[in-house]
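Chemist: Required output: the full structure, derived from the provided sequences and hints.
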Amino acid sequence: MSTIFGIPAPALYGQILIGLINGSFYALLSLGLAVIFGLLRVINFAHGAQYMLGAFAAYLLLNYVGIGYWPSLMLAPLIVGAVAVVIERTMLSRLYSLDPLYGLLLTFGLALIFEGMFRYWFGAAGKPYSPPAQLAGGVNLGFMFMPIYRGWVVIASLVICLGTWLLIEKTRLGAYLRAATENATLVQAFGVNVPRLLTLTYGLGAALAALAGVLAAPIYQVSPLMGSNLIIIVFAVVVVGGMGSILGAIVTGYMLGVLEGLTKVFYPEASSIVIFVIMAIVLLVRPAGLFGREE
Amino acid sequence: MRDAPLLEVRDLNAWYGESHVLHGVDLDIREGETVTLLGRNGAGKTTTLRAIMGILRRREGVIRLRGQDLLKLPLHKVAQAGLGYVPEERGIFASLNVAENLMLPPKVAESGMSVEEIYRLFPNLHERRTSQGTKLSGGEQQMLAIARVLRTGAKILLLDEPTEGLAPVIVQRIGDVLVALKERGMTILLVEQNFRFARKVADRFYLMEDGRMVGSFPGPELDAHMDQLHEVLGV
Ligand SMILES: Nc1ncnc2c1ncn2[C@@H]1O[C@H](COP(=O)(O)OP(=O)(O)OP(=O)(O)O)[C@@H](O)[C@H]1O
Ligand SMILES: [Mg+2]
Chain R
0 MSTIFGIPAP
10 ALYGQILIGL
20 INGSFYALLS
30 LGLAVIFGLL
40 RVINFAHGAQ
50 YMLGAFAAYL
60 LLNYVGIGYW
70 PSLMLAPLIV
80 GAVAVVIERT
90 MLSRLYSLDP
100 LYGLLLTFGL
110 ALIFEGMFRY
120 WFGAAGKPYS
130 PPAQLAGGVN
140 LGFMFMPIYR
150 GWVVIASLVI
160 CLGTWLLIEK
170 TRLGAYLRAA
180 TENATLVQAF
190 GVNVPRLLTL
200 TYGLGAALAA
210 LAGVLAAPIY
220 QVSPLMGSNL
230 IIIVFAVVVV
240 GGMGSILGAI
250 VTGYMLGVLE
260 GLTKVFYPEA
270 SSIVIFVIMA
280 IVLLVRPAGL
290 FGREE
Chain W
0 MRDAPLLEVR
10 DLNAWYGESH
20 VLHGVDLDIR
30 EGETVTLLGR
40 NGAGKTTTLR
50 AIMGILRRRE
60 GVIRLRGQDL
70 LKLPLHKVAQ
80 AGLGYVPEER
90 GIFASLNVAE
100 NLMLPPKVAE
110 SGMSVEEIYR
120 LFPNLHERRT
130 SQGTKLSGGE
140 QQMLAIARVL
150 RTGAKILLLD
160 EPTEGLAPVI
170 VQRIGDVLVA
180 LKERGMTILL
190 VEQNFRFARK
200 VADRFYLMED
210 GRMVGSFPGP
220 ELDAHMDQLH
230 EVLGV
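Residue numbers (numbering that gives the first Met the number 0), protein chains in the order written: chain R, 0 to 294; chain W, 0 to 234.
There could be a bad hint or two in this list.
To be verified - When the alpha-carbon atoms are kept at most 20 Å apart in a straight line, the in silico SDA-like pairs for lysine to any residue are as follows:
#1 W:Lys71 <-> R:Asn192
#2 R:Lys169 <-> W:Thr133
#3 R:Lys169 <-> W:Met102
#4 W:Lys199 <-> W:Ala223
#5 W:Lys199 <-> W:Val176
#6 W:Lys106 <-> R:Arg171
#7 W:Lys71 <-> R:Arg171
#8 W:Lys71 <-> R:Pro194
#9 W:Lys106 <-> R:Ala269
#10 W:Lys154 <-> W:Glu182
By construction, these hints were calculated from the structure, which means they are not laboratory data.
Modeler: Structure follows, in structure tokens:
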């Protein structure tokens with residue numbers, strides 16, 4: 000069997016794949032967080048809960064309504080996005096004039112409520128969710144065995160990230176969003192309905208988290224705490240990439256995922272802290288993050 | 000109602016937090032007129048524009064556009080009612096290129112200039128349309144800030160010191176643009192400290208001091224009011 004730096008090659012490739020999978024979720028979630036933070040200046044602590052809600056929406060749609068994976072990819076983000084729109088309109092929008100800390104506290108509280116509710120209803124144990132028949136099984140790539148669903152997740156997340164990036168960089172709506180991130184008052188003085196833009200952005204960010212949740216359901220199992228386990232890492236990713244930087248969130252997400260995977264191979268003891276060590280170093284050397292603009 | 004002003008401001012008071020900055024400002028602009036607001040630093044000129052636009056929310060009094068009460072409108076509805084704002088700090092967006100900056104404000108009426116017309120008026124902007132907005136020179140940024148609201152079909156332009164800090168040739172260019180706009184029938188509220196520049200376009204002057212209007216006279220009477228002007232402007 001071939002080895003690389005004394006590590007069996009299949010094990011190395013396997014960990015890189017796992018790193019890419021985790022990185023896909025880091026990227027998807029930090030992307031939504033970065034967009035929300037950029038425009039609303041709210042650190043959305045409910046992001047992990049919204050990811051969990053996406054996964055649960057898919058699970059419930061399947062087990063109670065008989066709606067499968069593919070429609071859920073659309074429906075779950077719509078449902079969670081709609082809930083987020085109501086939250087923004089009725090609660091979050093009242094806090095914009097106050098210290099950003101209030102938005103953080105509100106979303107943190109909401110996350111606890113959602114997670115508590117689902118734990119009360121469904122228990123803490125993970126629930127299985129099978130990948131759709133079309134994506135079951137795996138292929139032998141010659142150098143390693145790859146479950147088809149995992150390959151799909153990596154590709155789907157890349158497409159979603161690229162699509163979101165294009166939406167922000169190349170469309171009129173994206174131009175409003177970028178401009179309002181710089182100076183919301185002036186954009187509104189030009190006649191753009193900025194309050195509605197904020198609502199839409201929060202809804203879109205939450206929908207993105209929910210989409211990630213559906214993608215994650217067949218891999219990590221569906222459980223009320225699946226989001227809170229992940230969100231702390233995702234916050235670190237956002238900090239490393241640079242608060243509010245879209246490209247930074249995406250690139251850093253994949254990068255740190257793979258790095259974490261590699262650490263598992265070469266120095267497993269450090270694998271659970273490597274991301275936070277990097278965060279600390281980046282904060283010391285470049286406080287605005289790798290892709291952030293110094294202010 | 001033919002002579003009724005297009006924009007009518009009555010007894011306007013405005014506050015930054017607790018600090019009372021405008022004290023009963025009155026101002027009229029008729030259709031097609033260019034009105035210039037003069038006053039020294041801190042007189043309240045910018046504040047007057049910000050209060051009219053609704054950017055400064057803490058205000059009392061009357062602001063009517065063609066009889067429509069602007070005071071009650073949310074901020075984004077004021078532009079839609081026909082006011083085009085060119086802020087003192089220009090407000091060019093760094094994350095947008097020149098073309099995106101130009102296209103940013105939504106159209107409010109069909110009467111605006113086409114993009115081709117705008118690029119003919121400002122050839123530099125066309126040349127640099129893919130550059131980052133804030134990479135332009137100060138003069139070009141000012142042109143962009145003006146061009147941006149010409150596309151929208153706004154009825155009234157609110158221009159806050161468009162010549163501030165610019166070289167004489169650029170000031171001349173901006174003067175030409177204002178004359179051209181005036182000939183097209185645009186209504187303009189111009190804030191200036193440079194009255195030699197303003198006299199080329201102004202149909203009427205207002206003098207402002209300590210948040211109050213202290214004088215008003217037609218453009219041609221500027222020379223007759225030099226003493227008052229020097230006193231108010233402190234020049
Ligand atoms: N954001 C603010 N908060 C508190 N006070 C302010 C603020 N902006 C301006 N002021 C005060 O309001 C008064 C009027 O300021 P304003 O900017 O309207 O003056 P101006 O006539 O535009 O002056 P300039 O010619 O320097 O632009 C000044 O006393 C100024 O100190
Ligand atoms: Mg000013």
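Chemist: Work down the list of hints and note, for each, if the structure agrees.
Modeler: Here is how each hint holds up against the structure:
Taking the CA atoms of lysine 71 of chain W and asparagine 192 of chain R, the gap is near 16 Å; set against the 20 Å cutoff, the hint holds. Of the supplied pair hints, the one linking lysine 169 of chain R and threonine 133 of chain W holds, its CA atoms being roughly 18 Å apart against a limit of 20 Å. For the proposed pair lysine 169 of chain R and methionine 102 of chain W, the alpha carbon gap of about 13 Å is at most 20 Å, so the pair holds. For a cut-off of 20 Å, the pair hint linking lysine 199 of chain W to alanine 223 of chain W stands: about 16 Å separates their Cα positions.
Straight-line distance between C-alpha atoms of lysine 199 of chain W and valine 176 of chain W comes to about 12 Å, which keeps the hinted pair within the 20 Å bound. Taking the CA atoms of lysine 106 of chain W and arginine 171 of chain R, the gap is near 13 Å; set against the 20 Å cutoff, the hint holds. Proposed proximity of lysine 71 of chain W and arginine 171 of chain R is contradicted: the alpha carbons are some 28 Å apart, above 20 Å. About 16 Å separates the Cα atoms of lysine 71 of chain W and proline 194 of chain R, which keeps this hinted pair within 20 Å; it holds.
Between the alpha carbons of lysine 106 of chain W and alanine 269 of chain R the distance comes to roughly 56 Å, so the proposed pair goes past 20 Å and is violated. Our distance criterion of 20 Å between C-alpha atoms is met by lysine 154 of chain W and glutamate 182 of chain W, whose separation comes to about 14 Å.
Violated hints for the displayed structure, listed by number in ascending order: 7 and 9.
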